[in-house]
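Undergrad: What follows is the residue order along each chain.
Number of protein chains: 2
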Amino acid sequence: MLAQNDSKIIDDLLQLIIEGKYKENDRLPSENELAIYYNMPRINVRNALLKLEDMGYIYSKQGKGRFLKPKKHQLELNLTGSKSFTEAMKHAGHDLETQNLGYVKVPYDEKIYSKLQVGQDDEVIKISRLHIVDSQPTALHISYVSKSVFPRIERDGDNIQSMFSYYADQGYTDFSSNKGCVSISFPTSVERALFECAALVPLLVVESDCIEANQNRVLGYTKIIYRSDLFTYVIAED
Amino acid sequence: MLAQNDSKIIDDLLQLIIEGKYKENDRLPSENELAIYYNMPRINVRNALLKLEDMGYIYSKQGKGRFLKPKKHQLELNLTGSKSFTEAMKHAGHDLETQNLGYVKVPYDEKIYSKLQVGQDDEVIKISRLHIVDSQPTALHISYVSKSVFPRIERDGDNIQSMFSYYADQGYTDFSSNKGCVSISFPTSVERALFECAALVPLLVVESDCIEANQNRVLGYTKIIYRSDLFTYVIAED
DNA sequence: ACCACGCAACTTGGCAACAAGATAAGCTTG
DNA sequence: CAAGCTTATCTTGTTGCCAAGTTGCGTGGT
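Residue numbers (this note's numbering), protein chains in the order written: chain A, 6 to 243; chain B, 6 to 243.
Hints are computed from structural coordinates only; laboratory data are not their basis.
In this list, chains with the same sequence are indistinguishable; a pair is considered to hold if it fits within one copy or across any two.
Here are the computed lysine to any residue pairs in the SDA-like style, where the Cα-Cα straight-line distance is at most 25 Å:
(1) 116 to 240
(2) 120 to 22
(3) 74 to 100
(4) 95 to 240
Quick caveat: nothing in here was measured; it's all calculated off a predicted structure.
Put together the whole structure using the sequences plus the hints.
TA: What follows is the structure, given as structure tokens:
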């Protein structure tokens, strides 16, 4: 599909949307109107519009039409900041709720076990929390910790809200998190359900270790998944 | 489209692809095979596969089948680094070529003019360069400078390879770039052609000012657009 | 005059039938 | 026997038709 047949219409509509030519919940031109205007079969127009819907820009109602989805207001997030996500959101005056999604024992996985610097005979627990900012699910924190470092994790797992607080509770007071690797991915259907987002909304994934300062021991490995369309990320010192 | 009919198949295939169950250029199951397996009409399977194609994971050949697209090897890029993109790539031992895509005078735009701190009567020039790393277009640098700060820009515009070098050439030796705002977007058809990428490959956009240290004057405003699937971004000190 | 019903003209949603390209097996012909 | 053509059967690509939901207008009865 080198020369795509629906790229022109996507370009045009996207530009109109980004320029703000449509207001929230405005009706877009119908499939037939666009088909006539661009002189192409309706199915191509339709595919273009479905793509825009999957990207999260518009929604559709059978029998009525297609409409501009209200734009979520953007949160500002400092990727280089030393503040945790929780602190940063609260500091910016947002209403924050954290849902603990429970924990599971993960089967042996080379990448995760080596990140935690534990042997294959150790047990690794995965703890997931969903952060809801101003009633909007925005970030999913997935942390991996080993049972050897946190023996009581299976008792505490369901109640943890912030990993950093838990580390401190367990006696690890001096630790640092090296914000590490950033990548972009698309949501799985589970993530899509949690974030209440469309299928093609890109996610920004930040992976980082948390290292205890004194003994240089790895406390945990955390993957933070952000809905990329809700944030403007900032790279700068605090 | 709350309950999507093609999400299961996308989930499954994406997991198989990411886990590496298919080798490069391996043939995936045909539309009919998947339709029978998932017990859904072929068109739904087809739409799912087209989505994967647009995401850049697979390619198709009429009459033959669908195949796993070879994965580009990932470049490492330090977002917080003080090195310029050019320096960073060369330093990592990559073959780098920069194509100057020419310059144009831009019509008045509030955001750009205010970023450059120039009046509406000033002229602003947009200079675009495409960076090709190991024969692969990877990043697009778009810089805006004003004619009042760089009077000779229209003579030099076509030959600039690196903005930083040009700033230095023009006598501005002490300047700093605050890597600022990061966001994710999708390519326009022009960008898609330049990057030789699929329609739904997310782009990572980094916007930054360059400020002259002595007089605190804004030299230029630069937007760097990266193909997000070619990089693993790193956030850390050099 | 006014209300109710129905029909017509729109909207998006879904799908089946057909077209076109590729490949391999089998038949025909020299 | 071998070369070349045909055909059957795979693959993906395209198109057109009909279903379903919504709205509004017009008509007919009260």
